[in-house]
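Okay, here's what each chain looks like letter by letter:
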Amino acid sequence: MEPRSVPGVLATMEVKEPVAKRILVTGGTGLVGKAIEKVVADGEGRPDEEWIFVSSRDADLTSATETKALFEQHKPTHVIHLAAMVGGLFKNIRYNLDFWRRNIHINDNVLHSAYETGVQKVVSCLSTCIFPDKTTYPIDETMIHNGPPHSSNFGYSYAKRMIDIQNRGYFEQHGCRFTAVIPTNVFGPHDNFNIEDGHVLPGLIHKVYLAKQNGSALTVWGTGKPRRQFIYSLDLARLFLWVLREYDEVEPIILSVGEEDEVSIREAAEAIVEAMDFRGELLFDTTKADGQFKKTASNAKLRRYLPSFQFTPFRQAVKETCAWFSTNYANARK
Amino acid sequence: MEVKEPVAKRILVTGGTGLVGKAIEKVVADGEGRPDEEWIFVSSRDADLTSATETKALFEQHKPTHVIHLAAMVGGLFKNIRYNLDFWRRNIHINDNVLHSAYETGVQKVVSCLSTCIFPDKTTYPIDETMIHNGPPHSSNFGYSYAKRMIDIQNRGYFEQHGCRFTAVIPTNVFGPHDNFNIEDGHVLPGLIHKVYLAKQNGSALTVWGTGKPRRQFIYSLDLARLFLWVLREYDEVEPIILSGESPKSSFNPFARGWSHQPQSCPSPQWEKKMKSPSGRQQKLSWRPWTSGESFFLTPPRPMGSSRRQPAMPSYGATCPASSSHPSDKL
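Here the protein sequences come in this chain order: A and B.
Sequential numbering of the first sequence, starting at 1, is according to the working numbering.
Sequential numbering of the second sequence, starting at 1, is according to the working numbering.
There may be inaccurate statements among the hints.
Derived pair list, reagent style DSBU-like, types lysine-lysine, alpha-carbon separation capped at 30 Å [claimed, not checked]: (1) Lys294(A) / Lys122(B); (2) Lys56(B) / Lys68(A); (3) Lys68(A) / Lys79(B); (4) Lys288(A) / Lys212(A); (5) Lys79(B) / Lys122(B).
Note that these hints are calculated values from the structure, not bench results.
Extracted from the complex, chain A is given alone in its bound form (with noise of 0.2 Å):
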């Protein structure tokens, strides 16, 4: 478009394309938040699109009146949310009470607000470690109901859970399309790479790290044989960019590589030694729980709409996580 000038401006005034979609992104400034600005900023963003990255220091969401406040503000037309009170096992043994009534707080405000300003979609983010306790496998967006979540995090299990019930709600009382996603184990830059609170990725991440330093073995956590699928963070931001303006249904989905390609404890040890080129013993501190053995999740779903989406191979992902952790380690979260 030509710049042109409006008459009694000094200035010529660029006119550029109107924008059909103003996104808040809530918890921008967290694992997946990052990622997503980043893939947005690299060019995936979208000329008519605005992107709004929110964090705590903008508002505190457990209160209905500052979120309120937050969507008079932005006048958002979309909403990521990914804001949530999150932590290690420890943390949530303890505080399970916390981390149902904060979250459930957390969720109702920003949906709430978002149906009263007349946000036309929210895209939420619940986890694959909310499904039953006691279930077959693989799981699917069909199970999550299907029986209560393990006890040791029922109460941020329970309170994400009911993220979908209220979606189911506001569908069928008010027709809002607010829909949710659930990753498998995530990692990536700006992760809480925190040994003792964090997840398992960054966590060995920051070991090898340190191992290297100080010229130690690794130790792993277990005996390294639990298997896991993991996502890289920039993957899941450009299907989460897909869900917001592709997924229409108020059913939740399953956004993670296939069963074929879940990885042992000890090949990501493998490969995070690899590519931070350590050369120290690796140890397993059989001692220590392993947790549940296997999550398995199907990506069918996601599958039957995007047969070609390319996830980065996980070696390649581990090396970038990995080199970012090295060059930022000084201010990475931990």
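Go by the hints and put chain B onto chain A.
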């Protein structure tokens, strides 16, 4: 100056003007209240419990030591279907506000009220307390059902994180005075009572919706009220407890004469046998006799009954077979 006993319990009853609240009020007034108890019945006129501020103010005003939490947004089938979101949100807010205000003001015990309609839609029978969360509820009232289920989740959270004794009861179909007798929106028994009343007035037929074959366990509100008092005073678990009526073992035609119900002191050997769950596993004794030597029996539910053996539930009723005497006039 008359010296009164010090008040050991100040009991706040939310939803105090509803079916169950009114029954508790009556039972307390009729002599089952204790001298060390002060009972406060509140309704939506006293506070909007969907507001955290108003709920907190209510608790600050009355400073209860105990709470019986009955307040909820309730409704019939069609209202639920149309407003599942509102049933979810408003009840979650009410429950969170009541439980959290109770926690913040140091309430010793909260007894909330669930319902058998929140159990999994696809399930084996009989249902028991351990099965509440084993699958999705019926889709027609999923909002209400999940909100009620989450009371149990939140009770567990308060116990694990703060040691609070917040628990819940699960009544089956309650009926009695002060119910909602609206034919469209009320429940089956009060709806039928209203229909019969109108049919008599108009000289018309009584039309029952459906085939009449579905089966329900009904519990009289006054019996439920007495059980609430026991739960408040004696039931120490955080896990919920089903409070259900039970039919006599023998079969009979509910509309025929010749059925009676004899009160019996319990426990009886027959009763003790019934305490085992169908799987044979000994159920934890979830209640004790009313007072030593005093018997507790359900108000005879006539006409009501089954032509087959009812599932074993913690029950208080007589287990003797029907006699051939005339039905008791006392209900």
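Evaluated hints:
no.	hint	result
1	Lys294(A) / Lys122(B)	holds (27 Å)
2	Lys56(B) / Lys68(A)	holds (22 Å)
3	Lys68(A) / Lys79(B)	holds (28 Å)
4	Lys288(A) / Lys212(A)	holds (22 Å)
5	Lys79(B) / Lys122(B)	holds (23 Å)
Comparing the model with each earlier hint shows no violations; every hint is respected.
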